[in-house]
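Student: These protein sequence lines map, in sequence, to chains X, F, G and Z.
When we follow numbering that gives the first Met the number 0, the leftmost residue of the first sequence carries the number 0, and every step to the right adds one.
When we follow numbering that gives the first Met the number 0, the leftmost residue of the second sequence carries the number 0, and every step to the right adds one.
When we follow numbering that gives the first Met the number 0, the leftmost residue of the third sequence carries the number 0, and every step to the right adds one.
When we follow numbering that gives the first Met the number 0, the leftmost residue of the fourth sequence carries the number 0, and every step to the right adds one.
Among the clues, some could well be false.
Note: identical chains are not told apart, hence a pair may lie in one copy or across any two.
Straight-line Cα separation of at most 20 Å, EDC-like style, residue types lysine to aspartate or glutamate; simulated pairs [to be verified]:
{"hint": "1", "residue 1": "Lys79", "residue 2": "Glu393"}
{"hint": "2", "residue 1": "Lys79", "residue 2": "Glu56"}
{"hint": "3", "residue 1": "Lys202", "residue 2": "Glu212"}
{"hint": "4", "residue 1": "Lys96", "residue 2": "Asp77"}
{"hint": "5", "residue 1": "Lys59", "residue 2": "Glu83"}
{"hint": "6", "residue 1": "Lys213", "residue 2": "Glu42"}
{"hint": "7", "residue 1": "Lys392", "residue 2": "Glu92"}
{"hint": "8", "residue 1": "Lys96", "residue 2": "Glu385"}
{"hint": "9", "residue 1": "Lys392", "residue 2": "Asp414"}
{"hint": "10", "residue 1": "Lys202", "residue 2": "Asp434"}
{"hint": "11", "residue 1": "Lys202", "residue 2": "Glu435"}
These are calculated hints, taken from the structure and not from any lab test.
Protein chains: 4
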Amino acid sequence: MSVIPNVLAERYASAAMKSIWSAEGRIVLEREFWIAVMKAQKELGLDIPAEAIEAYEKVKDQVDVDAINARERITRHDVKARIEEFCDLAGCEHIHKGMTSRDLTENVEQLQVWRAMQVIRDKAVAVLVRLSNLSEQWKDVTLAARTHNVAAQTSTMGKRVAMFGEEIVHGFGAWVSQMDRYAVRGLKGAVGTQLDQLSLFGKNAETVAALEEKVCSHLGIPAKWTNVGQVYPRSLDFAVVSGLVELTAGCASFTKTLRLMAGHELATEGFAKGQTGSSAMPHKMNARSCERVNGFHIILKGYLAMIAGITGDQWNEGDVSCSVVRRCVLPDSFFAADGLLETFLTILDQMGVYAAVVDAELRRYLPFLLTTTILMAAVKRGIGRETAHEVIKEHAVAVSNDLRAGTISQNDLLDRLAGDDRLGIGRSELQSIFDENANDTGMASEQVAVFRGMVSEIVGRFPAGAGYVPGAIL
Amino acid sequence: MSVIPNVLAERYASAAMKSIWSAEGRIVLEREFWIAVMKAQKELGLDIPAEAIEAYEKVKDQVDVDAINARERITRHDVKARIEEFCDLAGCEHIHKGMTSRDLTENVEQLQVWRAMQVIRDKAVAVLVRLSNLSEQWKDVTLAARTHNVAAQTSTMGKRVAMFGEEIVHGFGAWVSQMDRYAVRGLKGAVGTQLDQLSLFGKNAETVAALEEKVCSHLGIPAKWTNVGQVYPRSLDFAVVSGLVELTAGCASFTKTLRLMAGHELATEGFAKGQTGSSAMPHKMNARSCERVNGFHIILKGYLAMIAGITGDQWNEGDVSCSVVRRCVLPDSFFAADGLLETFLTILDQMGVYAAVVDAELRRYLPFLLTTTILMAAVKRGIGRETAHEVIKEHAVAVSNDLRAGTISQNDLLDRLAGDDRLGIGRSELQSIFDENANDTGMASEQVAVFRGMVSEIVGRFPAGAGYVPGAIL
Amino acid sequence: MSVIPNVLAERYASAAMKSIWSAEGRIVLEREFWIAVMKAQKELGLDIPAEAIEAYEKVKDQVDVDAINARERITRHDVKARIEEFCDLAGCEHIHKGMTSRDLTENVEQLQVWRAMQVIRDKAVAVLVRLSNLSEQWKDVTLAARTHNVAAQTSTMGKRVAMFGEEIVHGFGAWVSQMDRYAVRGLKGAVGTQLDQLSLFGKNAETVAALEEKVCSHLGIPAKWTNVGQVYPRSLDFAVVSGLVELTAGCASFTKTLRLMAGHELATEGFAKGQTGSSAMPHKMNARSCERVNGFHIILKGYLAMIAGITGDQWNEGDVSCSVVRRCVLPDSFFAADGLLETFLTILDQMGVYAAVVDAELRRYLPFLLTTTILMAAVKRGIGRETAHEVIKEHAVAVSNDLRAGTISQNDLLDRLAGDDRLGIGRSELQSIFDENANDTGMASEQVAVFRGMVSEIVGRFPAGAGYVPGAIL
Amino acid sequence: MSVIPNVLAERYASAAMKSIWSAEGRIVLEREFWIAVMKAQKELGLDIPAEAIEAYEKVKDQVDVDAINARERITRHDVKARIEEFCDLAGCEHIHKGMTSRDLTENVEQLQVWRAMQVIRDKAVAVLVRLSNLSEQWKDVTLAARTHNVAAQTSTMGKRVAMFGEEIVHGFGAWVSQMDRYAVRGLKGAVGTQLDQLSLFGKNAETVAALEEKVCSHLGIPAKWTNVGQVYPRSLDFAVVSGLVELTAGCASFTKTLRLMAGHELATEGFAKGQTGSSAMPHKMNARSCERVNGFHIILKGYLAMIAGITGDQWNEGDVSCSVVRRCVLPDSFFAADGLLETFLTILDQMGVYAAVVDAELRRYLPFLLTTTILMAAVKRGIGRETAHEVIKEHAVAVSNDLRAGTISQNDLLDRLAGDDRLGIGRSELQSIFDENANDTGMASEQVAVFRGMVSEIVGRFPAGAGYVPGAIL
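Next up, chain X with everything else stripped away, as it sits in the complex:
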């Protein structure tokens, strides 16, 4: 039986994300970390032969995962297995001095998280750039905006894009702010007091502080914990996964709306690539990538529940009931988020709007959509808001029911309103209101411009992601 693959990684995630979490990648990170510690220890006076460090460096990329796994089955301790393998390869025993397992694993796992956070940040920028472009492209496509899934008022497709886009901008702000505060555990020893490094360095606190400084600068993570136990607080992991849920919420709302639009033939997720039908039912153009994005978001929320389960549950200086949970959640939530963003980028690159269908729908509903404006007009001329509402509602409901019953085929709401004395607005006046307002989408264009400004500002700060092109998706 072949290895059971991680389905999120192998079906959906990008190579960049996979390499961060691969067994080989992690082992190399660990070895580099050990070497960085050794070098720092040597610089600060510990007697470690230069040849030993060289020996380790020479073999650090010789990663044999099977051999390490075989060792672990004997030692029943994963870090010990990896120490033995590395030492045997190098032919000496100088790594891991004054360190406990967690001095290694916590820092290396945080490095993986940190690098994965950067990947996600840059892809979010790529998403925003596309949304900005699409909001501009469709800023004049007037549509019947919906609330309660029912046509409500006019807006534009560009504004709709910007609406979901601004949600992502907000989540992006939270993400970046979190990265600024992301803190690494450092070399704190078994219970967080740095006792073992102090022992190694003759109880010299300054040396130990300098050691940690060097090691953290190797990691490149901006902030650092001072008071920890064996582990850093798991609420930090929680915050990361929560941030993924928040950052991608706007994507999920966008794709849910696109699924609804596809159901009305207003839009398609696959216009650009030459939409093809489904296997069993050739005519069908399914929003399956959009459905997948929604699926990924549900997955992320599940991982959030998992990581929440180990949050606020630290016993004393820490234990490892969190271990198997983090083995699962940390990579998999990033794979899911990465797969979500890859899929979403592809949708944004290939989606299209059926302008003719959008317009036909709008025409059908326009007299209804303008009732609020007519209501305003009535209110302005002194009719009580509630009274005006009553009259308009009566006719609107009647027209709607007649249309649905098939007894009329044209929306004749304006005629009916003109004929009702309680409202007291003539037919020609109603027509004027209609003509003036049919394409009135309020501040939609100005709002789109504001959104585009926000994105420009972000691209200015994080230009790396702007040009990112997603890989091919299944």
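Keeping the supplied structure of chain X fixed, place chains F, G and Z upon it in accordance with the hints.
Tutor: The following block gives chains F, G and Z in isolation, referenced to the frame of chain X:
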């Protein structure tokens, strides 16, 4: 970069569980399903050459996952890729007649779930057998039972085992009951009306019913849906994962308690195997397998949240926003449950109780633990319950505080109570109460016997699991 | 400041459900429980004056919640406050003998749960009766069934109702099965060994067993735990809330689909009551009750997460970290489920289908919907499935795109297929296929009949709920 | 039957928090908001009589919740009911001009959230101040720090406090950062385009912008959305609840650890207030407030699951499936967090450490705890790390087993190590190591000082909360 493995499968799950969910295993199940459908269709009159069926049968075990994946990257449709591969291998095109993708995938995935449910059921029986034995083995080990994590009254270690055991018995009842009601979707066509099979068979409803009967009997699942859409209701998946959480809850409570006991040196998870210390701190005997069981239970709750996310969310006759979620949850929740049970079985085989420590702790607390009995005695002789409670509490708290302050080293509660006229019970009488009740664990033994009877009954119905021995764990 | 009400109870739940969980109701249940215990204790030989029991009985309905709360603020112990109040009212001290707080609260809370389960069960029957009727009423309303939110094949509205109905039937089976297994804790004492009752009754195990039997028969719950600690296992609470999620999942899928249908004007949740528009936008007929049902289902899943948080987390014989969680989850999850069912029943009583719109939509899509049938026809005459699919897809996509672009206004797929030699099916033959199949909804009618049979069987077993009429909803 | 109270509000939350979410409080906020809008509209040229505004102002505090509820039962629309009540009270109809329901409710609910966030922020400061003081108070109390719930190395009680404290500092940083980014929806109209206000003001975009500016400044929330639909994105609510989980995680870990410590009699949550025993078992000093904090944290995670359920689920410009969820989650998650903090503050004010017990425990484990230091010593003198570990482990395990079996009563590890040639460290040297290191808690003191500095900085920025004293808790 090598394949990223599914960590739950590769680190923790048993071979039996992995084979159910492996790519190869699934593909063979699918091909067998297609062949079963073809055979049934032929029997019921469809013109399918016997040689074609033979050709498919001959190649059904030739599974080349990479080749299929390569096809999927072209078709962007996983089922289509697998149809093409199988047909090319067999050299003909006769499978999948009148079927949609979901006619294949729903049924095969349910078959995977069904088989995995059987594995879990049998391992739960193995757990119960061990708990029954341990409850007997320790039925006379009197201990200081705790509530609020504070010693409360005497009980026995056997009763404690039976207590968690009976929780598992209850969860087992729910699991078995659910298996009895587990229903398969069957061959229902694109939207559930069986239209395409009807088309194939000249609109003959009886033939189509007979076809479905034959196919379902191939699957061996007890119940069957009648009214479904493209998919069976996802609340069925939800119920399965929820059942896993419920079934394993008693295991998680047991291991949490064992972690607490290990902290007091009352018990260890690794007595039988020769407990060894941790890597960094040699003296430490960590309840790491227990911690892992708790971790697995948190993971299961996370998968429950995921699957809940697609429950009650069916659009019309179904869509595939659930697809990626189920790809993740269905195997992984079973891997987690399987790993939990493998780990828990190992703990049960290797754990031990330190009788001397248990007894020492009991001695320390006994005068306190008997306060309820003394209270009863006072009440029986007519002192108001609240008054007696007040007096006893006053002295008990004082003794406890003195012990904690180190001002006394022996629990002298009986002396103090004897000296208090409000209670009116003499010292010798108190001593009699003490002597009579020190080892009184109430109905603990009888309760253990009842538990053992429950387990016997279960083993009688499901003997297969009773002798199961877990594999080696990491 | 007035009391902050429980919003789920006060806005949405029925009087029956509220009375179960009200402070007054609970206190009366407790007092009745204490009296039942006293009577049983007296019958079994304990010296309790008949007048005392009478005194308690006389005042048991004199519930002054404020007075009890005031006592609790002094004692900082809720049960003690309620003991004192009841004893002061009765003028004696005879209740709660040999009992701990949990002997009272666990059993009474289980009684509340049990009664609430009955309410839910009966409302579920009421739901099924309505669904059965609606499935019959609409069994000939042919519609364009959708998958991926895109028209896929013909079905009927009756079948769609039955599809969601059968999901509820399945959840109902789980619910009833769970009720059969629901077990009460009984009078087990501080750590579950029944020590204190044994003390009261001279260590006579049979008397104590008889006592528990009498008390449990007062409660009327079918099953009973033997091995428990201070508390019954919280996985039992988990199973109850999980059962609520499962039972109502079909309701949530139904209302989600109705929201989609309302968006296409195919149906409305408010036909029967005279649909009225929204306040701000008079023409709008919003599926707000359906939205509310979906909201309730999300709430239930949240309570499931809460209760899962205390599942598998028992420390030793139990503690009270679960206390505040259960105070919140137990009533509130039942209020939410009750509100969901009340709302859903109202929808079922008032909803309507716009047959003319349903038919118009069907006409638009029919040529597409029949492509699977045409594909079958092609396969039957020997054309390879994949080839036929390719040809049909090509034309179907082209027609669809032309319709969306507005370049054609009629679906001319049959003409285009007739003109393609690769398929080799003539126009008249295609028209025959069309005419024969336009109203072919496969086994839809037979399936509806099967569903109605299931409901009849349930009504036969649980007739009480069948006639239930929901209260007015907001 | 009296009103069913919100148990979180009425049992646990503070008056300040309750007043924010009370029905009366909310209605006044709404009315003030309407008045603010009217005033701004008048200033910007709308014809609203000054007397009308005065009339509204005069009656704004006349809140009759029952009357409003009665209206809602007729209108089936909560906002409409409140409009009618306010207008009837004032005797005119000038509020709500150009507004939809959501223009009112979204903004007012955000104002409630915003004020509740401030309350929580200030209580978190109060928590940090106490933790800072306790970390100082106990900075010299050496204890046996635990990992895997087993004694591992020495640390101090002060450091342990600081460890949980720094987790809260980190969560506090996230909370404050989120407050800085918290954005209000503003007056955006039915679908977010501000169409209706534009209609009112002759399509003058600048006037409408000025109007929104005035209204937002009334609210006092720092940031503002530009592109929204009918509702602001629900991921904002998600972020708030997630922030509550993160902020309180350190509290929950602290109380979980205190429950463990209480089980070992190392500490108590109730020292200051004169710890009293439990009702049924007088000697027991239960960490029930700590258990409650853990319960609250589980509740918060459940509300997080609820709010996650409406995140990434926006249909088009918004619907109200989120309505009932938010009615429940927004107040209740703040009540739970408030109750958690009130309880936690009380614990911090009343808890105590039993120094004699802490010391006795330390003495028992010290020889074990120093094995890492001995290991270091061995490594420094050239013995391979793995070899030294093997030897030490062998003896440590043996001593531990002998102690647990009761065959020795004193920890004689140093003697045994001295007698083993493989290690080659003499008895006196081992004693020196022991004496030197017995009280060596590494950098614990320095770390505590750093923590205290962090808290000082926070108090400097947010002095309001520093002096907060919690109310009495149940």
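Student: So, for every hint listed, does it hold in this structure?
Tutor: Hint check results:
no.	hint	result
1	Lys79 to Glu393	between (78 Å within a copy, 17 Å between copies)
2	Lys79 to Glu56	within (19 Å within a copy, 48 Å between copies)
3	Lys202 to Glu212	within (17 Å within a copy, 60 Å between copies)
4	Lys96 to Asp77	within (17 Å within a copy, 50 Å between copies)
5	Lys59 to Glu83	within (13 Å within a copy, 44 Å between copies)
6	Lys213 to Glu42	within (10 Å within a copy, 62 Å between copies)
7	Lys392 to Glu92	between (84 Å within a copy, 19 Å between copies)
8	Lys96 to Glu385	between (79 Å within a copy, 11 Å between copies)
9	Lys392 to Asp414	within (14 Å within a copy, 45 Å between copies)
10	Lys202 to Asp434	between (84 Å within a copy, 15 Å between copies)
11	Lys202 to Glu435	between (82 Å within a copy, 11 Å between copies)
Checked against the numbered hints listed earlier, the structure breaks none of them; every hint is satisfied.
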